[in-house]
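Peer 1: If you read the protein sequences in the order shown, they are chains X and G.
Counted from 1, the first sequence has number 73 at position 80 by the numbering used here; the numbering is strictly sequential.
Count along the second sequence from 1, add 632, and you get the number used in the numbering used here.
This list has only true hints and no planted wrong ones.
The list that follows gives simulated cross-link-like pairs (lysine-lysine, DSS-like), each with its CA atoms no further than 27 Å apart:
1. G/K924 <-> X/K110
2. X/K109 <-> G/K924
3. G/K877 <-> G/K888
4. X/K33 <-> X/K163
5. G/K752 <-> G/K981
6. X/K131 <-> G/K924
7. X/K131 <-> G/K1001
8. G/K877 <-> G/K752
9. G/K667 <-> G/K888
10. X/K33 <-> G/K924
11. X/K131 <-> X/K110
12. G/K924 <-> X/K58
13. G/K924 <-> X/K54
14. X/K33 <-> X/K54
15. G/K866 <-> G/K888
16. X/K163 <-> X/K131
17. G/K877 <-> G/K1035
18. X/K58 <-> X/K109
19. G/K924 <-> G/K1001
20. G/K1034 <-> G/K752
For the record, the hints were derived by calculation from the structure and aren't laboratory data.
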Amino acid sequence: MKENSRRGFMGKAFGAVAGLGAIGSLVAMKKSWDPLPSVKAAGFTTLDMSIYPEGEMITEKWRGKPIFVLKKTAEMLEAEKSDPAAQARNIKVGNDNFMVCIGLCTHLGCIPAFRKKEGNFLCACHGGMFNAAGDVIKAPPPRGFDIPPFRIDGNKMILGEVGPEYQAMKDNGVTL
Amino acid sequence: MAHFTKATSVKDWLNQRLAVETVEKVMASEYWIPKNINFLWAMGMILAVTFTLLTISGIFLLMYYQPHVDHAFYSVNFTIMREVDFGWLWRHIHGVAASVVFLVIYIHMFTGIYYGSYKKGREMIWISGMLLFVTFSAEAFSGYMLPWGQMSYWAGMVITNIFSLGSLHLDGLVEWIRGDYVPAQAFLNRFFMLHVFLLPLVIMGLIGLHFAALRIPHVNNQDGEEIDFEEESKKYLADDTKNSKVMRFANDFLSKDLMVVGFFLIFFFYLVFWHYSFALDPVNFDPADGLKTPAHIYPEWYFLWSYEILRPFPVDIGLIAFGFAQVIFMLLPWLDRSENTVPANRRGKFAIWFWVMLVDMVVLTAMGKLPPEGIFSTIGLVASLLFIAMWIILPFITKNEKKA
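Next up, chain X with everything else stripped away, as it sits in the complex (with noise of 0.2 Å):
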C-alpha cells in the first residue's frame, strides 16, 4: 500500500515535469514557425506619391504581393459622384486622390488586370470584377480589395504602418 502511493506519487511528478516541458516545446515550436525578424522588418515599402501618372494603373511590390495604385482621373471622380462605398475608399494623398490595395482577388487570390478602357479590373480566374475604386462589381469575390495599412507623411505613403486615415477606414468597414 506504502508502496503504492510511492509510486503513484512519482507518476503524478513525473508527469507534471514532463506536461511542463511538453508545453514549453510546444511554444518554441510554435515560435519557431513565426515570420523572421528579417522578414517582418522588410515588411515596411514606402511609395512616393507624387510620381505617379493620372489614371494610369501601376503595380507596386509590398511583402511580396501586388500593390495597386491608381491616381485618379476627374473623370473617374466625376463617375463616382453617385457611389458613395466608392468614395470613401479614395486616399487624399496632397490634393490628388488615389485608390491604393492589395492586388489580389479577394475570391482566391488571383491578380486581377487592369482594363483601361473599361476602367476596372478583370479577374480571368473565375470572372470577378472590380471597379476602378477596388470594390467588386461582380462576383464571386465576397469583398473589394483589401487596402494594406498605410501611414501618409507629406508626399510619402508608408506601407505597414498604421495610420489615422487607415484607422479610420479600418473603423468603418471600408476594409478587413
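Dock chain G against chain X, hints included.
Peer 2: Frame of chain X, contents of chain G only:
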C-alpha cells in the same frame, strides 16, 4: 541470460539472436491469405512498390535539388534535367509515380468500398488507410511546391489561404504557416522538410499500422465469407492444401501479387519513358512570380474532385463542403449501417449508391478541370450537392438492408 548453443548455420546463428524464423512465419510463410481474392487485392502490393520507387527516385533528386527560392527552379529544370546523367529518369519516375500512386490508391479504396472491407472488425484497416490517404495528399502537395514554378507558387498561395477559414479571416495563422506574408524562403524550406523527412516518416509509420491492422481480422475476400483462419491454416499445414480455404502469403500468394505488379510496372515505365508529360503541368515550367497569376489555377487531377466541391459555393459554405468531403470517407464504417460484408452487387440499393458515387466523383473530377463557366458550373454544383446528399442518405438506405 538466455541459453545459446553453437550455431549450425548462419541462419541458426541469427535465429538464436534475432528469432528470424518467427519473423519469417509471421510476415510470410504463416501469414494466411484467402484463396478467393482477385487481382484487385494486389493494389496494396502495387502501392508498396510505387512508394519504394518514389523513395528511391526522391533520394536521387535530393542530391542535386536546392531548396532556395532563387535556385530551386533551375536546380530541377536545368541541373537535374540536363546536367545530371539520368537525372531526367529520376524526375520522370518521381513525377509519374506521384500521379499514378493516387490512381492506385483510388482503385484500392473503391475496391474496399465495393467488397465491404471496412466493416465488422476491419474498421482500423479502413481508418489507417484513410489516414494514409490524407498524409499522401499532404506529401503530394508539399512536393508540388518544390520546383518553385508558377503553379507551385500559386497553389501554395491558394491552399495556404484556405487556412484563413473564409469569414474568420485568420490571416495571422496563414502567415504563421508560411513564415512570411506570401510563400517565400521560409515556406519553401519548411515544405521541403515536410516532403523529404517528416511526412515520409509518418507515412512509413502508418504503413506499419495499416499492415498490423490486417493481422487479426485478416484480408477480406471476394464473397465476404467469414473464414476460420485458425482451422483453415491447420489444414494447410497438414498438407491438405487443396481443401484449405487459405494459403501462405509467401511464396504462394506472392507469386500472383508479383505478376500483377509486373503488369503494373510495364504500364508504369511505359508512362515514364513515353508519356511523362501528363504528370508535369506546363504552367510549372515558368519560374514562380508573385506579381503574375496564371490564367487558370487548378490542382493535379487527383485533387480535382474535392477542389470542385469547394468551388461552386460562396467561400464559407464552400469550405464547409470541402471539409466535409475530406473527412466523410473516414466515417464510412459507421455510416454504412448494414451488417452485410458482401460485394455491392448483392446488396441492392448499396450497389446503386456505389456506382453513383463513383460516377459522381468522375464528373466532379472532369468539372474541376474545366473553367467554371456556364453549363460546367451548373454540372459542378449539381454533382457537389449530389456528393453531399449521397453521404446523408447512406445510413438510411443501408439500415433496412436484407441479410445477404
